[in-house]
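There are 2 protein chains.
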Amino acid sequence: MALIVQKYGGTSVGSVDRILNVAQRIKKTCEAGNQVVAVVSAMGGVTDKLIGLANEINQNPAERELDVLLATGEQQSIALVSMALHSLGIDAVSCTGRQAGVVTIGSHTKGKIDKIEANYVKDNLNAGRVVIVAGFQGVREDGLIHTLGRGGSDLSAIAIAHAVGADLCQILTDVDGVYTCDPRVVKDAKKINTISYDEMLELASSGAKVMQSRSVEFASKYGVVFEVRSSLNDNPGTIVCAENDSMETVVIRGVSIERNQARITVTGIPDKPGNSAQIFTALSEAEVNVDMIVSNNTHEGLARHSFTVSDSDLAKALASIQGLLPDISSEAEVLTEAGMAKLSVVGIGMKSHSGVAAKMFDVLGKAGINIGLITTSEIKISVSLDAAKADLAANVIHEAFDLKS
Amino acid sequence: MALIVQKYGGTSVGSVDRILNVAQRIKKTCEAGNQVVAVVSAMGGVTDKLIGLANEINQNPAERELDVLLATGEQQSIALVSMALHSLGIDAVSCTGRQAGVVTIGSHTKGKIDKIEANYVKDNLNAGRVVIVAGFQGVREDGLIHTLGRGGSDLSAIAIAHAVGADLCQILTDVDGVYTCDPRVVKDAKKINTISYDEMLELASSGAKVMQSRSVEFASKYGVVFEVRSSLNDNPGTIVCAENDSMETVVIRGVSIERNQARITVTGIPDKPGNSAQIFTALSEAEVNVDMIVSNNTHEGLARHSFTVSDSDLAKALASIQGLLPDISSEAEVLTEAGMAKLSVVGIGMKSHSGVAAKMFDVLGKAGINIGLITTSEIKISVSLDAAKADLAANVIHEAFDLKS
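So the sequences go chain by chain: W and X. Per this note's numbering, residue 862 is the first one in the first sequence, and the count goes up by one each step. Per this note's numbering, residue 862 is the first one in the second sequence, and the count goes up by one each step.
To be clear, the hints were calculated from the coordinates, so they are not data collected in a lab. Don't take every hint at face value.
The list treats identical chains as interchangeable, and a pair is accepted whether it falls inside one copy or across any two copies.
In silico lysine to aspartate or glutamate, EDC-like type, Cα no more than 20 Å apart, as pairs [as the list claims (entries may be wrong)]: (1) K1133 <-> E1192; (2) K1220 <-> D1188; (3) K983 <-> D1003; (4) K1265 <-> D975; (5) K1070 <-> D1263; (6) K976 <-> E1078; (7) K1052 <-> D1152.
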């Protein structure tokens, strides 16, 4: 008998029929001889509707009250999923975040899980019940209701899997798993059977939005093995786990694309301590997320910084830098280029295989694709390029590294 | 500075505009120099929608899960009302039933308030905040969410008023107060300024459905003075408080009508111990609420029971008695009469004024209205009569006892 934690997102519980489907799926998992904890999100659309209501009443609603409001979405789901299980003759109980012992820290609407006191969940499992837990929520030490922000339900599922010592945590979603590349871009993209936490993290941070990074980081930190799979079929998904030797035989695990990127280049900055910090501090204060950063300096003692931001942040970024430059130097200049994409190849095999970057640049060059910025980590190489060439680039790389086989 | 508890029902918080109105009203109460605790219901329609959803999923949803589901309605309201107050510059915090310390006992969906540990509410009041409490809900000692059943929000308000030592508890509703009779029936019905708990209870149990009896009983037990008034205007309402001497100068406080009644008469029952009990036990087991009961026996040693039930229970009541009679006596017979109404006059002044019943019967007789059953309590006289004559009866009695002045 295995103990399985299953996470069902808002789409999976988005209607009465879908809730009944989720119940059927949980029932099947039980009948296969497993104990089940199901972590559920709010019914699709409910959270947005509540946020809309809040904004109609107050354009800047207090986050303490947003937490109280939004937590009701998951609370409704747990009750309804439990009722659906009862209608199939399965003994089940609902647990709010509080009842599941999810203790959080941090500011409202951006909770972090501090610990999970899972006695109530365990007692109910031991009594032979399925336990339905509200994702995305917990309670602070001061007793206030707390939500976990984006990707919170995945995080709840992984943290609860750890707390109850689950044998497996399944993240049930609307995709079949993690692919070598987005199948809409590369037709023969292949589902990855097993991927390491680090690769999953690099893919997530490079635009493959299957899961938020924070959930993968949590799983990695506590060694929680999880599987990303579809709630719509019985296909096996992608297992995410710690790196092992056999994984290194695959050089590249996947290719990801992040679109809507812009490049900003600041030139002519006197190369002395503090000048660069000033620029990136200004961007941070303007709440601009800076991604790829490439810096260099010239023989004349002038520094040059290039970096990428999302297209939607470009105007804000530009304004914050231009306000700064006159104080730094009359020589300083800003250049921008919108309509870029970031393409990344990820794989822990890179660590032991040389020549990956060379092969990648060669392939792109032969396809006539010009590369802008390049950044690398131990298991990832990212390049910025013209967004119009991104799909072509992904295809030639996918082919060159033989990812379809 | 007074401490006022205000209760706003589902209609009062039924839309964004109405929530903003409630916030304005609370603000005005604060600006008049008062501390305010507001107890709110779920937005009108929300509870019914949730019950509908539950029934679609499971025709007989578990009551534990219904509590989890329904409690979200009030939780949404408290967050939204708090946000609305913030938009008016008023410092306010929401409290779920749990946070307000409402500890309950009893079975799910039918919670009773056991005690209120109001420290969190008091601390926030002392910090200068308005506190918005979710009505209709509490938490059991075992930590489970618990709703209070019909009239639960009124009960929450009165119990919280007691717990925080409020100077006044206002039940804000869609009527201006308690009237001498339903103004739709008697045109010159008058709003009652002050009424005793007992009179209010007798009126409530006689069809004047301003509040559920349980809330009035709670207020009476703990001496909580409350006012029933409109949330739509600033008219003073009806103060409900303990009986005092001046109240007795008014003989009759009000007239109420309960329609859709049926009369059942069982005759020819051998008058020996146990036979009557058998009949009323059968009715109770069939979950028929029996109201007025009049029993008598004949010189021949046969008993005769007449009683009223609601029209909708008539078939069920009849079936349960007919199944029983062959065992009791071949002489026994059941007669029924549907389309009846119960008319009651209520007033603590009756205790010290004689002749009320005589005057009432005389007035009805002169108006050509035949009386069926008659029952009396210390402060109430009820008669059953033809439903078609109920409005006429109310008017002639209202006139005869000069209730309009």
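For each hint, the structure was consulted:
Taking the closest pair of Cα atoms, K1133 and E1192 come within 20 Å of each other only inside a single copy of the chain (14 Å); across copies the shortest separation is 114 Å, beyond that limit. Taking the shortest Cα distances, K1220 and D1188 never come within 20 Å of each other, neither inside one copy (43 Å) nor across copies (98 Å). For a Cα distance limit of 20 Å, the shortest separation of K983 from D1003 across copies, 16 Å, qualifies, whereas the shortest one inside one copy, 24 Å, does not. In the homo-oligomer, the alpha carbons of K1265 and D975 never lie at most 20 Å apart, since the shortest distance is 41 Å inside one protomer and 66 Å across protomers.
Proximity of K1070 and D1263 under a CA criterion of 20 Å is satisfied in neither setting, with 23 Å inside one chain copy and 76 Å between copies. In this assembly of identical chains, the alpha carbons of K976 and E1078 lie at most 20 Å apart only when taken from the same copy (15 Å versus 44 Å across copies). For the identical chains of this complex, K1052 and D1152 are neighbours neither inside a copy (27 Å) nor across copies (70 Å), given an alpha-carbon limit of 20 Å.
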